[in-house]
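Residue numbering for the sequence shown follows my numbering, beginning at 6 and increasing consecutively.
Hints are supplied without guarantee of correctness; some may be wrong.
To be verified - DEER-style ranges, computed between Cβ atoms:
1. R277 x G44: 50 to 58 Å
2. K41 x Q108: 53 to 61 Å
3. E367 x P480: 46 to 54 Å
4. K41 x R118: 57 to 65 Å
5. E212 x G276: 14 to 22 Å
6. I422 x K392: 34 to 42 Å
7. Q306 x V437: 31 to 39 Å
8. Q226 x V312: 49 to 57 Å
To be verified - Straight-line alpha carbon distances no greater than 20 Å define the calculated SDA-like cross-link-like pairs of lysine to any residue that follow:
9. K349 x Y384
10. K547 x T572
11. K322 x Y378
12. K90 x Y384
13. K309 x Y384
Since the hints were derived computationally from the structure, they do not count as laboratory data. A quick note: this is a predicted structure, and the numbers were derived from the prediction, not measured. Where a beta carbon is used, it is the ideal one built from N, C-alpha and C, also for glycine.
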Amino acid sequence: MRTSLLLPLSLLLACNTQPVAPTGGAGAGSVAELMKARGLSEADVNAALKTYTPSGKRDEYYLFASGGHGGNLIVIGVPSMRILKYVGVFTPEPWQGYGHDDQSKAVLKEGQRGGKDLSWGDMHHPALSETAGDYDGQFIFVNDKANPRVAVVSLKDFTTVQMVQSNLIQSEHGSTFVTPNTEYVIEASQYPAPLGGRYADISKFNEEYRGAAIFWKFDRQRGRIDPERSFAMELPPYMQDLADAGKLASDGWAFFNSFDTERAYGGNQEGRPALESGASQSDMDYMHVVNWRKAEQVVNQPGKSVVIAGMRVIPLKTSVAEGLLHFIPEPKSPHGVDVTPDGKEIVVGGKLDTHATVYSFEKIQALINAKKYDGTDPYGVPILNFKESIRGQCEIGLGPLHTQFDNQGYAYTSVFIESKVAKWSLKELKVVDKISTHYNIGHIAAAEGDTVSPDGKYLVAMNKWAIDRFNDVGPLLPQNFQLLDVSGPGQQLLYDMPLPLGEPHYAQMIKADKIKAIDLYSPAGHNSVTGQKDPFAVEGGKERVERRADGVHVFMTAVRSHFTPDTIRVKEGDVVHVHITNVEQAKDATHGFTIGSHNFN
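Generate coordinates for the entire structure from the input sequences, incorporating the hints supplied.
As structure tokens, then:
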């Protein structure tokens with residue numbers, strides 16, 4: 006029989022009076038002496054122990070964070086907060102050769118807009134693929150807010166395999182969000198524009214400018230988005246913001262925030278109010294309630310869609326006639342729209358309000374089924390009654406934004422102006438704890454916190470400012486990811502992580518054991534973009550140089566830094582095609598290949 010004795014940290018520290026024997030050149034000293042020398046409190050040591058991950062130990066979760074203006078995806082271990090990988094997506098990533106070889110150049114070319122190469126992106130919202138509303142660890146989708154595009158990353162090898170874009174819209178923000186079985190990847194416009202990119206004078210804003218929600222069809226078997234089976238819905242010229250797909254009780258529906266129901270479009274030197282003030286006049290904006298499952302049927306019916314910029318689009322009038330779109334007032338300038346784990350409610354944070362508003366899907370459905378409306382907007386979209394659509398509101402504080410959930414019935418909302426995370430009871434609609442963050446918090450990511458089965462345990466606050474947190478690095482500071490322990494009745498700050506890249510915007514946190522990444526490509530010759538054996542794959546012993554009509558083709562193998570052939574003889578002016586297959590089968594044994602001064606890597 007074995008017994009365990011648990012001692013509080015303070016008692017352990019008091020008992021640890023003997024010097025610790027120095028190892029590896031580290032200075033000697035007890036824990037208490039080390040704490041004194043570094044000015045650490047017991048709370049500091051407690052937090053450190055919760056995040057410390059010894060050499061060779063693995064993290065419990067992956068955090069997939071957007072790379073913001075870096076255009077890449079950042080993979081971080083939790084709780085250690087160690088960066089594990091950068092995944093090149095919208096911008097080249099030289100270390101892994103992304104954007105420097107023919108295969109990945111072709112992926113980037115898929116993201117061209119108007120025939121223009123784009124060398125940057127503004128990644129905002131990663132979305133892990135889901136099965137039955139839970140992360141399944143197979144794919145992750147990411148968006149480019151500034152140059153509206155969606156990319157697919159395979160989590161078998163953490164490689165970008167596809168990029169899609171539509172000239173239907175000119176910007177986006179409500180992207181990417183997936184339906185519960187990853188039937189669709191949602192991309193919603195933000196700033197209204199004439200659909201398809203045609204020109205219309207800004208004075209025709211109300212008549213000619215529109216928003217749209219695109220539902221990109223995902224073919225899981227192929228691991229690719231299928232543009233031919235995708236569709237969009239025309240929306241009024243309000244600025245659609247974030248989105249979330251319903252789940253369980255609300256499966257088949259999607260919810261979009263919007264702001265600027267005033268339809269302001271700026272003009273501060275032309276006698277009109279600036280956009281920010283013009284778009285903040287009304288007390289309410291509109292949550293868009295979309296029946297996407299019915300829309301999926303309607304778009305396939307003759308005469309109920311039009312083709313704009315190559316995309317099938319359900320016109321606004323058709324959406325109204327078919328009951329696909331309804332509006333509900335929501336507090337001024339909403340930002341977050343988050344469906345609860347059971348799918349029964351939708352939480353909205355009004356950035357210029359002080360509440361988190363909890364909408365009841367059951368009440369919404371009853372109003373829709375009874376066709377009980379307060380009227381319509383200028384485009385004929387029916388409006389449901391605000392008070393009859395909600396269960397209640399929770400007084401959060403100044404500037405509530407985004408909400409995540411745990412497995413104990415609590416919600417967590419970022420409070421932008423106060424720079425805090427509020428923990429509150431969904432059942433009682435009461436705040437139970439607030440913790441300060443540093444500073445200007447935006448999104449938050451809890452462990453599986455937007456699925457049907459959240460974990461609780463950890464939450465990451467994604468803060469836009471890091472004033473006075475880290476060593477000075479000039480006028481532009483890193484962002485600050487702060488790891489919180491939310492497993493107890495309150496919240497504990499564990500770790501500050503400077504992230505000096507882009508402006509990471511949103512993240513999702515998945516159990517590490519759900520990711521089944523491959524160790525190596527086997528057999529050799531696998532094309533990481535197509536997922537198939539490459540037609541130019543070279544087997545060991547079959548290396549060769551061939552002169553063809555389009556130039557000289559070199560069929561080369563690589564084993565770490567050993568290349569065969571290692572001497573290539575060509576004539577000045579020849580076009581040379583180098584096909585290299587890494588035939589090395591030892592784990593993590595790869596080597597780069599470059600030709601100097603040719604931008605090839």
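Tested hints:
For R277 and G44, the hinted distance range of 50 to 58 Å is satisfied, since their beta carbons lie about 55 Å from each other. As the Cβ distance of K41 to Q108 is approximately 56 Å, the hint placing it in 53 to 61 Å holds. Taking 46 to 54 Å as the suggested C-beta distance range, the pair E367 and P480 conforms, at roughly 51 Å. A hinted range of 57 to 65 Å holds for the C-beta pair K41 and R118, which are about 59 Å apart.
Restraint check, E212 to G276: a C-beta distance of roughly 20 Å satisfies the suggested window 14 to 22 Å. Taking 34 to 42 Å as the suggested C-beta distance range, the pair I422 and K392 does not conform, at roughly 26 Å. Remark: the range hint 31 to 39 Å for Q306 to V437 is contradicted by a beta-carbon distance near 49 Å. The hinted window of 49 to 57 Å between Q226 and V312 is violated, with their beta carbons roughly 26 Å apart.
Among the hinted pairs, K349 with Y384 is inconsistent with the structure: their alpha-carbon atoms are about 29 Å apart, more than 20 Å. A distance of roughly 15 Å separates the Cα atoms of K547 and T572; the hinted pair therefore holds under the 20 Å criterion. Under the criterion of a C-alpha separation no larger than 20 Å, the hint pairing K322 with Y378 is consistent with the structure, at around 17 Å. Using a Cα cut-off of 20 Å, the hinted pair K90 and Y384 is violated, with the two alpha carbons roughly 47 Å apart.
Distance restraint check for K309 and Y384: the Cα-Cα separation of roughly 18 Å lies within the 20 Å cut-off, and the hinted pair is therefore satisfied.
Hint compliance for this structure: hints 6, 7, 8, 9, 12 are broken, all remaining hints hold.
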